[in-house]
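Peer 1: Note that this note's numbering gives residue 598 to position 365 of the sequence shown, counting from 1, and the numbers run on in steps of one.
To be clear, the hints were calculated from the coordinates, so they are not data collected in a lab. Glycine residues also receive a C-beta, built at the ideal position from the N, C-alpha and C atoms. Keep in mind that a hint or two might mislead.
Claimed, not checked - For lysine-lysine, the following DSSO-like pairs were computed, each having C-alpha atoms within a straight-line distance of at most 27 Å:
id, residue 1, residue 2
1, 251, 240
2, 339, 327
3, 616, 657
4, 681, 664
5, 534, 523
6, 327, 386
7, 664, 260
8, 260, 665
9, 251, 657
10, 327, 370
11, 385, 333
12, 665, 523
13, 327, 385
14, 534, 240
15, 385, 370
16, 260, 681
17, 251, 681
18, 665, 681
19, 370, 333
20, 538, 523
21, 251, 665
22, 386, 333
23, 370, 339
24, 386, 370
25, 616, 664
26, 534, 251
27, 426, 681
28, 251, 616
As the list claims (entries may be wrong) - Pairwise CB distance ranges, derived in the manner of DEER restraints:
id, residue 1, residue 2, range
29, 243, 433, 42 to 50 Å
30, 684, 417, 33 to 41 Å
31, 652, 451, 23 to 31 Å
32, 284, 401, 31 to 39 Å
33, 427, 400, 34 to 42 Å
34, 725, 424, 14 to 22 Å
35, 684, 652, 42 to 50 Å
36, 277, 702, 39 to 47 Å
37, 313, 341, 40 to 48 Å
38, 702, 667, 47 to 55 Å
39, 371, 317, 22 to 30 Å
40, 290, 381, 48 to 56 Å
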Amino acid sequence: MAEETAKRAEEQELTEGKLREALHELKQITAQEAVLQQQVLQQSQQLRAVQEENELQRQKLQEEVAGYREQSRQHSLTILALEDRLLEATQQQKVLEEEKAALVEKMEGLQCDAHSSASGAWLEICPAMESHACLRKLREELAVVQGMLLEKKAVISRLSRELSETRARMSDMRGELSEEQKVELEHSQRQLKHREWEVNQLREKLSEMSSLVEEKDQAPRAAADELSQAQRHCQVLRDASQQTLENTEDAPRTPVQLSEASQREPPSALAELGAKCRGLRHEETIQRQKEGLAELRARVKMLEKRQCSGAVKSDSEPLVVWMEDLPEKIVQQRGLELEPVPVLGEKLRAGKVPDHVPNGSSFRITNSTVSLERAEATDMGEKMYLDVIGALGNLVEMKELSGMQPLQHLPQERRAEVGLQRQKALELLYKKIRNLQVRLERKEKVLKDYEESVEQLRQSQASLRRCQEEMSNLEDEAHRGAEEKALLREALERMQLQLDQEKRLRQAAKRHKPGATKTLCSGKPKARGGAARLGRSWEQHHRDLH
234 MAEETAKRAE EQELTEGKLR EALHELKQIT AQEAVLQQQV LQQSQQLRAV
284 QEENELQRQK LQEEVAGYRE QSRQHSLTIL ALEDRLLEAT QQQKVLEEEK
334 AALVEKMEGL QCDAHSSASG AWLEICPAME SHACLRKLRE ELAVVQGMLL
384 EKKAVISRLS RELSETRARM SDMRGELSEE QKVELEHSQR QLKHREWEVN
434 QLREKLSEMS SLVEEKDQAP RAAADELSQA QRHCQVLRDA SQQTLENTED
484 APRTPVQLSE ASQREPPSAL AELGAKCRGL RHEETIQRQK EGLAELRARV
534 KMLEKRQCSG AVKSDSEPLV VWMEDLPEKI VQQRGLELEP VPVLGEKLRA
584 GKVPDHVPNG SSFRITNSTV SLERAEATDM GEKMYLDVIG ALGNLVEMKE
634 LSGMQPLQHL PQERRAEVGL QRQKALELLY KKIRNLQVRL ERKEKVLKDY
684 EESVEQLRQS QASLRRCQEE MSNLEDEAHR GAEEKALLRE ALERMQLQLD
734 QEKRLRQAAK RHKPGATKTL CSGKPKARGG AARLGRSWEQ HHRDLH
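Sequences are here, hints too, so could you generate the full structure?
Peer 2: Have a look at this one:
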């Protein structure tokens, strides 16, 4: 029993340590979760602000476009009105031209008549003069109308020119506005996609943290499983004791059982004894009962030696009587089985040992001691169970748990209620631990995502450093190539100067000494070979660079 209690205490300490660690990690993860939530809120606020700005810009652009459309509509209406007036003026001009043509024909006819009839009367000349006056008037009106037409054409051309300019300006402004709007929309879409990606990443991190919290919840769950197993074991012991008690009650009573039934005290005495044990004299009563039990064992051994033959003849099988409902009636059974000790001691001291005391009484007393030990073990297990539940409640900040009082001193009706309260408290405790586990898993997932992002950042920084190193190497190679090119150019220039000098020398030698051309020609191939080697080295260097 001591080893089991020590093991259970160690397991309890381990579970408490694990729970403390889990709570510490949970607090850290809650702080990180709060920071992440603040970041998400800030990003969402920024996103809303960007969306509002985009909406305002869109509205402004729509208003400007609507204004330009209205202006273009008005200009188009004025152009249509001017075109109608132009058509009317052209029609009037056509009519006037037709009238003019008719009048010209009349005038020609009249002139012909005047030339043909020279001896015409004065009455015939007057209509001709009137026709000339009408013709002048018509010409003046025609000139006026043509001037008006020219003015109208000028106005129409000016308006058409303004309309084309306004249309060009509108098209330019539309193109500019569409490009700006496209740029702004693309920028806002990129920001929205980035924010959505960040939100998805945060959601994934929170889900990973929830999974990690669920993994961390396995330890409290295992502790709860162990507690439930201990409860089931206690229930099995209770059922076994109750079954054995029922079997003994169903069996026929022996003379020993009849004598014991006659010696039992009424329930009131048992209740009084239980009240005494529940009081301040609990330890004293237990010690006195232990002393009486030891004395009873010694005297029973003496009786067994004297009555061994009678026990064999009676052929009565010993009946083992277990205590009924160990954790519930421990006090009553203690008083029931240990109270007759002084009475039997007094009878033995008086020398009145009954002849019918069989061997079954010793089995009953030994079984009562075993039942007492089992009852003490059950009390110890119940105490440990209550301590574990209280510790778990304190760890998860559930200080008030119902049903934490022991069942030893409670009546039968109260015990069922306390059992229901314990069940509810266990359910609440499990839900609390489950919620903590879920939160811990979510936060651990967020932390894992952050670690992955940090690792990606480190990798990108490493790749950036490698790229910078490659760029520096390429720059060094470019500088070296430039230096080599400069050196080659200098060498080429020197070779060119040498060749020029040799040419001038050969020309001078040809002029002065015709026989010295051989020596000069012998030096010429050497110069050509040096130039060829220099050209080949230049080509090879150019290939290496490319």
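Peer 1: Hint check: residue 370 vs residue 339, CA-CA at most 27 Å. Holds or violated?
Peer 2: holds (15 Å)
Peer 1: Take a quick look at whether residue 251 and residue 681 sit within 27 Å of each other, Cα to Cα.
Peer 2: Holds, because 21 Å separates the two Cα atoms, which is no more than 27 Å.
Peer 1: Starting from residue 534, check that the Cα of residue 240 is at most 27 Å away, please.
Peer 2: violated (38 Å)
Peer 1: Would the pair residue 616 and residue 657 pass a check requiring their Cα atoms to be no farther apart than 27 Å?
Peer 2: Distance ~18 Å between residue 616 and residue 657 Cα, so the pair holds.
Peer 1: Taking 27 Å as the top limit, are the C-alpha atoms of residue 251 and residue 657 close enough?
Peer 2: holds (24 Å)
Peer 1: Using the beta carbons of residue 290 and residue 381, state whether their distance is inside 48 to 56 Å or not.
Peer 2: holds (49 Å)
Peer 1: Is the Cα-Cα distance between residue 251 and residue 616 27 Å or less?
Peer 2: Since the Cα atoms of residue 251 and residue 616 sit roughly 22 Å apart, the hinted pair holds (cutoff 27 Å).
Peer 1: Is the distance from the Cβ of residue 684 to the Cβ of residue 652 consistent with 42 to 50 Å?
Peer 2: Since residue 684 and residue 652 have Cβ atoms about 47 Å apart, the given range 42 to 50 Å holds.
Peer 1: Hinted pair, alpha-carbon criterion (27 Å max): residue 426, residue 681. Please report holds or violated.
Peer 2: holds (23 Å)
Peer 1: Assess, step by step, whether the Cα of residue 534 is no farther than 27 Å from the Cα of residue 251, and give holds or violated.
Peer 2: Distance of about 53 Å is beyond 27 Å: violated.
Peer 1: Is residue 260 close enough to residue 681, meaning Cα to Cα at most 27 Å?
Peer 2: Holds, at roughly 16 Å.
Peer 1: Is residue 327 within 27 Å of residue 370, Cα to Cα?
Peer 2: With Cα atoms ~17 Å apart, residue 327 and residue 370 stay inside 27 Å; holds.
This entry does not satisfy hints 12, 14, 26 and 34, going by the numbered hints stated previously.
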